[in-house]
Amino acid sequence: MAIPDIFKQRAQSENWDLNDAATLTANKTIEADVIIIGTGAGGGVSAEVLSQAGLKVVMIEEGGLHTSDDFNMDELEALPNLYQEGGTRSTKDGAINILQGRAVGGTTVVNWTSSFRTPASTLNHWKKEHGVSGFSPEEMKPYFEKMEQRLNVEKWAMAPNSNNDILKRGCEKNNWSWSVIPRNVSGCWDLGYCGTGCPTNAKQSMLVTTVPEALKNGSSLYYRCSADKLVFSEHKVESVECIAIGKDGKTPTGIKLSFRAKHIVLSGGAINNPGLLLRSKAPDPHNLIGKRTTIHPVNINLATMPDTVNPFYGAPQSIYSDHFQWPDNDEMGFKLEVPPIQPVMGGQIAGFHGVKLTETMKNLPNLQGTLALMRDGFHEQSQGGTVELDSTGKPILDYPITDYLWKALRKAHHVMAELQFAAGAKEVKPLHLDAEFYKSLAECKTAIDTLPQELFRQRIMTAHLMGGCIMGGDEQSSVINSQGQFRHADNLTIIDGSAFPTSIGANPQLSIYALALKQSSELANFLTGKLAVSA
Amino acid sequence: MYGFVMDRRSFLKLGFASSTALTAVGATATLSGCSETLPENGDWRVLKTQDRIMFTAIAPVMLKGSYPEDPEAQKIAIQKILTVIDSVIFSLGPHNAKQMSDLFMLLNFTPTRGLTTGVWSKWENASESEIENFIVKWRESSLGLFNLGFNGINQLLTAAWYGQKETWSDIGYPGPPYADVLITKKTL
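Going down the list, the protein sequences come from chains A and B. Numbering of the first sequence is given in our numbering, commencing with residue 8 and proceeding in unit increments. Numbering of the second sequence is given in our numbering, commencing with residue -9 and proceeding in unit increments.
Just so you know, the hints here were simulated from the structure itself, not pulled from any lab data. Virtual Cβ for every residue (Gly too), placed ideally from N, Cα, C. Honestly, I wouldn't trust all of these hints.
To be verified - Here are a few chain A residues that face chain B, going by a calculated C-beta distance under 7 Å:
| hint | residue |
| --- | --- |
| 1 | 76 |
| 2 | 80 |
| 3 | 83 |
| 4 | 146 |
| 5 | 351 |
| 6 | 361 |
| 7 | 369 |
| 8 | 462 |
Generate the whole structure from the sequences, applying the supplied hints.
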């Protein structure tokens, strides 16, 4: 209570129109100028921009409304409230764990605040390989600048925590480049609990920035309201049919909500966007919806350090290295960062049981984690995964792990071991069921070369979901055009990370913010009949 | 140290036999009406009695060294663990929920449990070494589905256990900082 819950306070003083669909007792039809499905990085920014243009905006969110009073730095409390499928979402075969947010504010409520501009190489690749227009580094610069200003993105000025400092030290010892991560925080307490919802409202997530601004501008929010189907007529979305979800976050209450508007913005994220379109039998003559879903596959090394690390405290990510991001050969590049390790995460990733698990967990204060974010989607042998529907109509991601990806995962284990031993690690364990903590770099590298590259034995995770509704210049190979417009309905625009034709090669939130600012500004001009203005 | 562990070849054969057995057990259980479809206890959203007995048996082995040995402390511990697992399984999407339900059926029907885990006695009567053998077998199996099964049970139990603040002092985790200022929930 010592920290004011600014969302709740403003909701009351500014008389926001908040609607908990779980409590509705009768079906409802709602009309607006624009319906925005999803309140994460894409939907939040779009809601702010479109409401500022004077449009009546209604935001739909499947997750619940949880604000700073609800954020208690508790993993077991946060997982069911703030994550898709309670943090248990996975790829179809179960080989990759998926961490994705599900709440008002979307994944921005639980991400670790790393805020990178889309690399120029990625933007140039989109133009060259996917015919994307308007996204050159020069054209995007003003949008990055505006969003950095809006969300207070700055390089972390405090000292990195030990977990991150070890990444820095390891890079320095090996003569690898590294840099400080820009973060979207204002008055950050350096706590380390970004992943369970920021208890101090320092993180400039959509929950405390754009969604409140849109509500102040007279927008409405319907939460625990799940978009079930878009009703398509000839080249138009007639309505968005939703079902109310009960307070348990899962069970439909039986109440239906129907939303109608001149224009629909789809911002439900990769996986859920293609899911909704497939469920709605959206026109898809070239069978592209759900294809090219990229995820930045992540592998991890754990190290035991001689000194206390306390990997559960302090800004989770403040140092990164792109030394291996853009290799000269055609191998998959990767970004090096660290994961915060709190008890639940630590226990789950260790991959041990019994006494070995207990001994590893007793060592938690001395553990350091290093992770590699694989830059997928840039090579013919890395085309991403495919979102399909399961027998109940829910989306599920089928993500193949190709030899090309296996090769990069192995290389990253080597690189991370080199980094951790250079930084003084006593022992290092690549996260794999067949791996132990190895006492020397040589022993560790020998092991890495022989670890079987098998699903379920190699630990792979993702927290970045991209693609599946990709933009591009050619109708035969893209779901939306470079303005985000769905190719088979005039009043449907897709604005979020699902538009990316490849992965980003960096934590994607700022890429989504900038894309959303660009696309929604153009849409606002179109809908209000104003001439296009430059950002 | 772990006693009898099958070699990969014979376990592979067993794997095929058991997946056939699993299909059969599903059909038999459904036809004979012995498939327990609803939890009989209103406090549990998903977990059935047999599932709870199974986790009660596996937890002390999976978490050996950290799990309490005193029977009274165990009762409290398992109640907390089961509450979390029940909530996690409730959150599963339909695809993973089906997988988990198949897994529990396999582990709770004696023929399939015996074939795939080597635990032929009921869970409540299984010895520590039997359960340890099962865990190691599934972890080491060349059949991915058993690795997946190990990962699932392992992650459920580790999350449910290390999420409990009672375990934190043993692992050197002082808990969330500024708790008196920043934690606004009522204490459980």
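Tested hints:
1. Proximity of residue 76(A) to chain B holds as hinted, the smallest CB-CB distance being about 5 Å (cut-off 7 Å).
2. Using the Cβ-Cβ criterion of 7 Å, the hint placing residue 80(A) at the interface with chain B is satisfied: the shortest such distance is roughly 3 Å.
3. Look at residue 83(A): its Cβ gets to within about 4 Å of chain B, closer than 7 Å, so that hint holds up.
4. Using the Cβ-Cβ criterion of 7 Å, the hint placing residue 146(A) at the interface with chain B is not satisfied: the shortest such distance is roughly 38 Å.
5. Because the closest C-beta pair between residue 351(A) and chain B is about 5 Å apart, less than 7 Å, the hint holds.
6. Among the interface hints, the one on residue 361(A) holds; its C-beta lies about 4 Å from the nearest C-beta in chain B, closer than the 7 Å criterion.
7. Taken as an interface hint, residue 369(A) checks out: its beta carbon lies about 6 Å from the nearest beta carbon of chain B, inside 7 Å.
8. Nearest Cβ of chain B to the Cβ of residue 462(A): about 5 Å, under the 7 Å cut. The hint holds.
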